[in-house]
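Student: Below are the chains, spelled out letter by letter.
Protein chains: 2
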Amino acid sequence: MKKISYLFTIVILGFASCKDENNSVSDIASNSETNHPNLILTKSGVEKIKSQLGSIPIFDKSLAKTKEEIDAEIALGIETPIPVDYSGGYTHVRHKRNMVALQKAGVLFQILDDEKYAKYVKDMLMQYEEMYKTLPLHPKTRSYARGKLFWQSLNDSNWLVYVSQAYDCVYNYLSEEERNKLETNLFKPFADHISIHSPQFYQRVHNHSTWGNAAVGMIGLVMNDQELIDRALYGIKGVDLDKTAKDDDGGFLNKDGKAGFLANIEEPFSPDGYYNEGPYYQRYAMYPFLIFAEGLHNVKPELKIFEYKEGVLLKSINALLNLSDADGDFFPLNDGQKGMSYYTSALVTAVDISYHFGTHDPGLLSIASAQDRVLLDDSGLAVALGIKNGKAEPFNKKSINLSDGPNGKQGGVAVLRNEEIELVFKYAAQGSSHGHYDKLSFSLYEDGEEVIQDYGLARFVNIEQKGGGNYLKENKTWAKQTIAHNTITQNEVSHFGGKYEVGSKYHSELYFYDDTNPHVQIVSAKEANAYPGTELHRTFAIINDEDFEKPFVVDIMNVNSESENQYDFPYYYFGQIMKTDFQYTVPSELKPLGKSFGYQHLWKEAEGKPLSDNAKFSWLNHGKFYTITTTSDATDNLILARIGAKDPEFNLRPEPAFIIRRHAKSTIFASVIESHGNYSPVSESAVNAYSSVSSLKVAYNGENYTAVKIEDAKGKIKMLLLANNGTSNKREHILEIGNEEYKWLGPYTYITIN
Amino acid sequence: MKKISYLFTIVILGFASCKDENNSVSDIASNSETNHPNLILTKSGVEKIKSQLGSIPIFDKSLAKTKEEIDAEIALGIETPIPVDYSGGYTHVRHKRNMVALQKAGVLFQILDDEKYAKYVKDMLMQYEEMYKTLPLHPKTRSYARGKLFWQSLNDSNWLVYVSQAYDCVYNYLSEEERNKLETNLFKPFADHISIHSPQFYQRVHNHSTWGNAAVGMIGLVMNDQELIDRALYGIKGVDLDKTAKDDDGGFLNKDGKAGFLANIEEPFSPDGYYNEGPYYQRYAMYPFLIFAEGLHNVKPELKIFEYKEGVLLKSINALLNLSDADGDFFPLNDGQKGMSYYTSALVTAVDISYHFGTHDPGLLSIASAQDRVLLDDSGLAVALGIKNGKAEPFNKKSINLSDGPNGKQGGVAVLRNEEIELVFKYAAQGSSHGHYDKLSFSLYEDGEEVIQDYGLARFVNIEQKGGGNYLKENKTWAKQTIAHNTITQNEVSHFGGKYEVGSKYHSELYFYDDTNPHVQIVSAKEANAYPGTELHRTFAIINDEDFEKPFVVDIMNVNSESENQYDFPYYYFGQIMKTDFQYTVPSELKPLGKSFGYQHLWKEAEGKPLSDNAKFSWLNHGKFYTITTTSDATDNLILARIGAKDPEFNLRPEPAFIIRRHAKSTIFASVIESHGNYSPVSESAVNAYSSVSSLKVAYNGENYTAVKIEDAKGKIKMLLLANNGTSNKREHILEIGNEEYKWLGPYTYITIN
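Residue numbers (our numbering), protein chains in the order written: chain B, 1 to 754; chain Z, 755 to 1508.
In case anyone wonders, no lab produced these hints; they're calculated from the structure.
Honestly, I wouldn't trust all of these hints.
[Claimed, not checked] Estimated spans, in silico, between C-beta atoms of each pair:
| hint | chain 1 | residue 1 | chain 2 | residue 2 | range |
| --- | --- | --- | --- | --- | --- |
| 1 | B | 589 | Z | 833 | 47 to 53 angstroms |
| 2 | B | 680 | Z | 1350 | 33 to 39 angstroms |
| 3 | B | 533 | Z | 1434 | 43 to 49 angstroms |
| 4 | B | 142 | Z | 1345 | 33 to 39 angstroms |
| 5 | B | 680 | Z | 1377 | 21 to 27 angstroms |
| 6 | B | 505 | Z | 1402 | 44 to 50 angstroms |
| 7 | B | 702 | Z | 1126 | 56 to 62 angstroms |
| 8 | Z | 1468 | B | 60 | 37 to 43 angstroms |
| 9 | B | 505 | Z | 1124 | 56 to 62 angstroms |
| 10 | Z | 1471 | B | 139 | 29 to 35 angstroms |
| 11 | Z | 1124 | B | 142 | 47 to 53 angstroms |
| 12 | Z | 1350 | B | 491 | 38 to 44 angstroms |
| 13 | B | 172 | Z | 1124 | 54 to 60 angstroms |
| 14 | B | 589 | Z | 1123 | 51 to 57 angstroms |
Ideal placement from N, C-alpha and C gives every residue a C-beta, glycine not left out.
With these hints in hand, go ahead and build the complete structure from the sequences.
Tutor: This is how it looks when you write it as structure tokens:
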């Protein structure tokens, strides 16, 4: 590896010297000296901030808190220990804290004009310079691209993204000699290490690379080093990676040979701003995307970075905010840690930048208010002024459909919303190396609480005791597998056989999405490749019907296959079982449900058979009652399962599932999911504790149409009628069921019969 | 049954006619007409309230809410269905709602002078009169004392307690003829049914009887029927029950032959105000105790009911408030449903009455403010004025030790508190029929969150789907058993063999309690009868030591036995396992831990052996890290278990336990329980994720002394030294351990050695 790195260095230096021909080094230095800060803070911005200080509450508060934090750090003294630990360990945490302290101290120096902050930055940078110039690779060997300060180049890149900002803030405070020392011994070799010495990390389309690109680009902007800036924007020139090689997570290193910041915008974002790995990684990638974009906007306005790909960076912020529940927690699609929310600091950056460089959406101000802090820069000032001037409005999340894929042609993710009910439907592409095998899966929320969960990842991020804070092996054996999700598993094998290479070739297809009717929010998609020979077509509707207490969900999963298969169809609920209308038996000893593809991790707690053509399953969670009513076949097995088998280190959460198992060729699973009533342990009264669905029937299912009939507790009949081909809103459909003829326009209709 | 009731009636009527001699019926009527309302509302009180309306925010708000609620009820119309259902069913819920609506409408009539409320009360009462006069016993047969409106006389009594108040409010609005009709056909027979026709319910010391007594007494006060009042205060004259008979819950019907309201104050309350069944049932019993007391205070001031037994009724409110966690949730000792809190309406009554008739404790006003409502009577007015006048202060809960037993000589319950840490230690008597076999058990809380839980009851109160909302069979097979609690089970048999008759004979003994040292809150108690031949002595201390991040718990369980036994010692934690310093294996199939005494309900999820003389067990819950460090023996089995085996209807919560199993004669279990650090899924940073205890040793354990030595992560040595005999604070103790001599005064000392 070392030998290769050396060769890269030579090549790149060759380029660099060419670039410098038209601009002497002294020109750049004097030119840039007058202009610093210019990266995130700007000279004029700092003046505006200073003139408003004391009259912009949220900004003043953010500044005071930052000052308090950094004053405490300064009091504790500077520590730059020799790196030894994985994530969560002492040296890791210390260097991570240092990078933030440096960035913040730099900002404080600019805004408060207090030299102690500049000195702190300078002193710490000099300690890093002293250490770095002889620092070997980090001693921990688990990463595919080891860093020097941290065990992976990814964290080194994080560091440089922050420290570039600090350097910019103290640039003019430092002597030219000091700058040369830092640039020669620290920044330049640091940037080289994470790029030309780590091409397997840097030269890709991947969230890791985005951090690398931003790091190299931002230090390049401060140093006014065009070669670094170009390397950031376009990747390392002349480097091609093995297109079949894979990284730690099983993702291809560089299948298409694309690299650099612009490619990293181009590839993972759909035109709607959906990020292919899902919201958790988008949140993580967001900071380098936006902070580097802000730097580029300030230093290289001619690039018009915020207009790139029709303004996708700002669109992506809107998409990301819409991929959060009522509490602002991101939906844990693919590898996502639950609890991550728009209160994370990356989203403060995102919201402020989106407001300032976008359309001044007043909805963003209410999120910024809830975040209760702003960036200490021009964008934070804009937000603080907006809030101060009473411009904030609620950020109303409505149903949204987001395409996936660079051109928006690779399926997508839809979020249906009605009152407190939110349903997330995933019919996207694989989602890069962080994707799960969960075609047509869904999760359900009520007022920010999970009702039917997406498990998310199997990892305790940064908790060292749990596998060094990294991905646990159960992420592959459980969390990514199909049976861990609320969708069909056929014959106890995951979608695409659980093979990343296969899954990456395909995506589901939107059939239709319609949020125009306030009573029926609906989405429908098809998946033809997860199991060759089997077609899945799933439709979700949230129906707001005055005969029901709350909006309810209709879930129709149509399965078409020529061959007989076993279909397992789970609902991962939370809470305690209240009642089932089927009988089940519990075993005296628990055994796992299967041997592989995640089945080995499920205990079978009970098994039963339907007593009628409906099966009802009710539970209580957080004071609310829920019921699934599903059409059932006499031969169905109704399984109650719990996660936790074959889990020798208790890495999994022991949460339950209700699984419908059916042996069939083509079949249909039609279900209604209701939230109803409530129970308070204080008043001890149970209100509306029973389902309002008295029966559910598939009234028709054919190649062209599917119809389900719901009878409510008062005997009223409701029907949802779907056309399975032809989604034009103008097309008239006619369907005869029994002696009744139903006519409607467009792909669906919902009617009350009596 | 019917025949016996008839006999009782004859006898009682005999007494009644004697009593009436000095007071002609017409005298009473005219006398009382001028005085109504006089029970809870008083004529003068109503005038005061009216004069303040509009200027007492919390009262005005409570009134407006009540008005809104009752106006809606009136609009819906009156329904008094023929009773058919158990708790949670329609007729049960309807009659329960009616009783509250009647009471509130009565109050509204008095305060607002709007006749529509009086008419509503009259009309509904007349419907009840019409129905009741021919109403048979409730058709559901499960109760030991069936009611008529409800399946149990208990609920009938609830009804009459409320409806008496309504009757008082409309007394003067009704004609004498109407009153006679109601009293003759409804109130008198109603009172007779729950008392002389249901002696097995009425003639006891039990929370059920308290409701019965209050119901009879309150209607007696309104009707000015001295015979009913006497029956309420002293029980049914001349009735003796079989002293060996038992009720549905397994409690004795009437072991001592005591009965009546005064006996119900005398017996279950200790002089400190602890109620022997625990806070959940105290909360339930509180309302009839206090509302009847308020009525007696108003109508029969000469009884000085609030001074009875040295003011124990008001003391009991203070005790109850102190038996709640930081969020106001009552500790679920014995049969207690979690989540019941001082926000329940019975506690609004308790807090308002305690303030008004007690010492005007300003701390109560802050609880009333949090409750956000007051009683619509004189006491509510007093509270509203107190709050309005800015007198509210925080209700500071400190460590408290509450004796149990009528004379305070039957053990007790201690709550140790230090900063956010609360520890509840139960060394009480059996706790009547709702008691659990949990001698020397404890539970631990941090800032209102359960850390080490008491399971509480196995019941979904009023949720009809779950066993009619009544006690589930798992309450006996699991929740009451010793292994369900954080204390020692010997040889897989519950304390007292799980026999109520045996358990009721004994209680644990306080050894000492000391909350005078802010750094060490400590309690110690002994139990000699749970297992004949085995003595248990447990000491808990919460230690606030500057070398630790937060106060930590020391738990010392000394077991003395001549014979070899198996001791199982569980800690019911919550959350996910982070790390253990012992190795364990997980089985490929789960089996129950045992066959009976609750063991049949535990799955054995893992088993291991200590690797050293300490075993460490760490977990994460709600963003906080916790560690138990315990002294271990090489032959110990360390078991990880989960509740849920043999639970055919999923009535139990599948929660985990860490169980130390040891085979020994005499032995000591010494443990430190720490809460440390935190983890945020938003910042993804883990702070102080490791225990600060590097080793724990029993430095000395003999007949007279026990000493434990804690070495912290920085090598500092701490010692807790206990005298096992002699608790005088003036007694000097000298203990030599190795070459060191330790001297201290009083039963314990805590020292830092270096």
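Student: Can you let me know if the beta-carbon spacing of residue 533 of chain B and residue 1434 of chain Z is within 43 to 49 angstroms?
Tutor: holds, 47 angstroms
Student: Determine whether the Cβ-Cβ distance between residue 505 of chain B and residue 1124 of chain Z falls within the hinted range of 56 to 62 angstroms.
Tutor: holds, 59 angstroms
Student: Okay, residue 589 of chain B versus residue 833 of chain Z on CB: inside 47 to 53 angstroms?
Tutor: Because 51 angstroms falls inside the window, the suggested range holds.
Student: Would you say the C-beta atoms of residue 1350 of chain Z and residue 491 of chain B sit inside 38 to 44 angstroms of each other?
Tutor: holds, 42 angstroms
Student: Look at the Cβ atoms of residue 680 of chain B and residue 1377 of chain Z and judge whether their distance stays inside 21 to 27 angstroms.
Tutor: Holds, since residue 680 of chain B and residue 1377 of chain Z (Cβ atoms, about 25 angstroms apart) stay within the stated range.
Student: Regarding residue 1124 of chain Z and residue 142 of chain B, is the given constraint of 47 to 53 angstroms on their beta-carbon distance met?
Tutor: holds, 51 angstroms
Student: Starting from the hint 37 to 43 angstroms, judge whether the C-beta atoms of residue 1468 of chain Z and residue 60 of chain B obey it.
Tutor: Since the Cβ atoms of residue 1468 of chain Z and residue 60 of chain B sit about 39 angstroms apart, the hinted range of 37 to 43 angstroms holds.
Student: Can you tell me whether the CB distance of residue 702 of chain B to residue 1126 of chain Z sits inside 56 to 62 angstroms?
Tutor: holds, 57 angstroms
Student: Okay, residue 505 of chain B versus residue 1402 of chain Z on CB: inside 44 to 50 angstroms?
Tutor: Distance hint for residue 505 of chain B, residue 1402 of chain Z holds at roughly 47 angstroms.
Student: At the C-beta level, are residue 1471 of chain Z and residue 139 of chain B separated by a distance inside 29 to 35 angstroms?
Tutor: holds, 34 angstroms
Student: Do residue 680 of chain B and residue 1350 of chain Z keep their Cβ atoms within the hinted range of 33 to 39 angstroms?
Tutor: Cβ of residue 680 of chain B to Cβ of residue 1350 of chain Z: about 35 angstroms, so the range 33 to 39 angstroms holds.
Student: Go ahead and decide if the range 33 to 39 angstroms is satisfied by the Cβ distance of residue 142 of chain B to residue 1345 of chain Z.
Tutor: holds, 37 angstroms
The earlier numbered hints are all upheld by this structure, with none contradicted.
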